[in-house]
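S.K.: With the hints as constraints, model all of the structure from the sequences given.
One line per chain: the protein sequences are A and B, in this order. Following this note's numbering, the numbering of the first sequence begins with 310 at its first residue and continues without gaps. Following this note's numbering, the numbering of the second sequence begins with 310 at its first residue and continues without gaps.
Calculated from the structure, these hints are not laboratory results. Accuracy of the hints is not assured; some may be wrong.
Identical copies look the same in the list; a pair holds intra-copy or inter-copy alike.
Unchecked claim - Keeping only pairs whose Cα atoms sit at most 25 Å apart, straight-line, the calculated PhoX-like set for lysine-lysine is:
| no. | residue 1 | residue 2 |
| --- | --- | --- |
| 1 | Lys403 | Lys509 |
| 2 | Lys537 | Lys558 |
| 3 | Lys537 | Lys403 |
| 4 | Lys548 | Lys558 |
| 5 | Lys321 | Lys311 |
Source: prediction; values computed, not measured.
2 protein chains.
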Amino acid sequence: MKLNNETLQLLKRHGSVRQFQDIPVSEEQLAVIIEAAQMASTSSNVQAYSVIAVTNQALKAELAGLAGNQAYIEQCPVFLVWCADLYRLREVTKPHLEGCASYEDSTENLIVATVDVALAAQNAAVAAESLDLGIVYIGGIRNRITEVSELLGLPELVYPLFGMCLGHPAGAVGQRPRLPLQAVLHRNRYDAEATVEQVKAYDEVTSNYMRERTGGTNAAPWSAIMAKRLAEPTRLHMKDFLRGKGFMKQ
Amino acid sequence: MKLNNETLQLLKRHGSVRQFQDIPVSEEQLAVIIEAAQMASTSSNVQAYSVIAVTNQALKAELAGLAGNQAYIEQCPVFLVWCADLYRLREVTKPHLEGCASYEDSTENLIVATVDVALAAQNAAVAAESLDLGIVYIGGIRNRITEVSELLGLPELVYPLFGMCLGHPAGAVGQRPRLPLQAVLHRNRYDAEATVEQVKAYDEVTSNYMRERTGGTNAAPWSAIMAKRLAEPTRLHMKDFLRGKGFMKQ
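M.R.: This is the structure in structure tokens:
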């Protein structure tokens with residue numbers, strides 16, 4: 310039983326890339342990456358997603374500003390905006406559904422579309438890395454999601470879930486240590502005690518990692534960093550935004 | 310510029326597996342697969358997911374029943390239940406947050422956790438397939454999500470997003486044609502006309518595909534199949550369920 314191969318090595322090497330060389334991504338590379346994305350599983354074949362390849366420099370600069378001034382959005386040759394998309398489905402099914410109720414606006418279908426686009430995007434990330442390209446996911450496009458949506462012309466029932474910088478990496482890729490396997494993997498039943506207990510060891514690992522990276526000035530454990538994050542009232546507009554776009558009506 | 314490699318070939322080969330050989334998945338295989346899942350990107354390193362490996366035969370049978378009698382859930386050696394998990398975060402951050410507000414219950418954090426678990430699961434799917442194992446995603450566990458959650462002992466702020474059958478494939482894997490690339494890939498701006506227009510050609514492809522697969526008895530195009538799906542009031546309990554679990558409070 311062989312437990313190693315090229316693909317596993319690739320997955321293990323993954324790290325976010327935030328510096329890119331000034332080299333374009335070719336049309337052929339982009340097509341191969343998006344075609345790989347399309348091969349991901351999709352709930353009942355709904356394919357409820359779209360992806361916008363932003364290559365226009367002025368548009369990238371605007372998006373970078375809206376996402377919290379993340380310079381790598383401007384710097385990367387292609388900025389992919391991954392969108393959950395129930396608009397296409399609603400439009401193409403209309404002729405079949407005259408007079409019938411339809412439920413594209415349910416919370417369930419929001420989840421279906423969100424999962425569909427995430428699975429496709431992760432395949433794209435793996436495909437890109439297999440071609441020696443690098444990526445970083447950008448949740449920051451949800452900071453000012455209304456402006457981002459307007460800028461990209463997103464209709465009702467489409468929302469931008471995250472961006473993804475794509476390009477040729479400049480410099481080495483960093484990897485942060487992950488939670489112990491036992492913290493995320495449960496057997497036959499959720500083990501609430503174990504998952505919390507495992508964080509103690511991880512807090513030590515992350516504290517040491519921070520100390521090394523900051524030359525001793527910061528040794529915050531993971532749980533303290535997470536506390537700071539949870540205490541921030543981040544993107545509290547999301548619920549109203551999604552409703553305004555026609556999602557989660559029921 | 311090389312546009313092909315082992316990983317791209319693997320991604321292109323993907324198809325859902327619904328028949329499994331009576332061969333166990335080893336502990337080593339499971340660990341490698343979940344470790345690969347953990348290497349996926351995660352929003353600000355929150356790692357807001359858990360996965361429950363169900364190997365108990367009686368439990369698999371119960372879950373199969375709750376998910377709409379999908380026999381492969383019982384047949385596969387390991388049924389993975391992928392959960393969005395903000396419980397662990399809330400518990401480990403509590404000591405740091407005495408008296409402070411915290412926002413784990415926001416719609417934004419529901420989305421963060423849902424994306425986190427989907428990215429991890431897709432890495433697991435790719436890792437499994439690289440080891441010649443097969444998978445199928447099971448959205449059906451949301452049919453009776455309250456019972457599934459109770460059966461697996463899921464606490465507040467944890468919800469089962471989807472299941473995943475894992476095992477050694479028996480027989481060939483089918484692939485359904487996907488939307489044309491131009492239907493999902495937009496340039497610099499969402500193209501509402503093009504995405505709808507592209508479905509016409511796809512409707513022909515899917516209609517022919519159905520006709521061949523059913524020996525001529527069914528030639529429903531994709532848009533008609535999707536219409537039937539959207540017209541079904543599927544899982545309308547999701548909104549109340551998620552709120553009851555402590556999500557989407559704001």
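S.K.: Using 25 Å as the alpha-carbon threshold, which applies to lysine 537 and lysine 558: within, between, both, or neither?
M.R.: For lysine 537 and lysine 558, only the inter-copy Cα distance (19 Å) is at most 25 Å; the intra-copy one is 32 Å.
S.K.: Pop the pair lysine 403 and lysine 509 into one bin, within, between, both or neither, using alpha-carbon distances up to 25 Å.
M.R.: between (54 Å within a copy, 14 Å between copies)
S.K.: Measure nothing new, just compare the shortest in-copy and cross-copy C-alpha distances for lysine 537 and lysine 403 to 25 Å and report within, between, both or neither.
M.R.: between (46 Å within a copy, 11 Å between copies)
S.K.: Since the copies are identical, ignore which copy is meant and state whether lysine 548 and lysine 558 lie within 25 Å (CA to CA) inside a copy, between copies, both or neither.
M.R.: Answer is both: 11 Å inside a copy and 9 Å across each meet the 25 Å cutoff.
S.K.: When no copy is specified for lysine 321 and lysine 311, does a C-alpha distance of 25 Å or less occur within a copy, between copies, both, or neither?
M.R.: both (16 Å within a copy, 22 Å between copies)
Hint violations for this structure: none, all hints satisfied.
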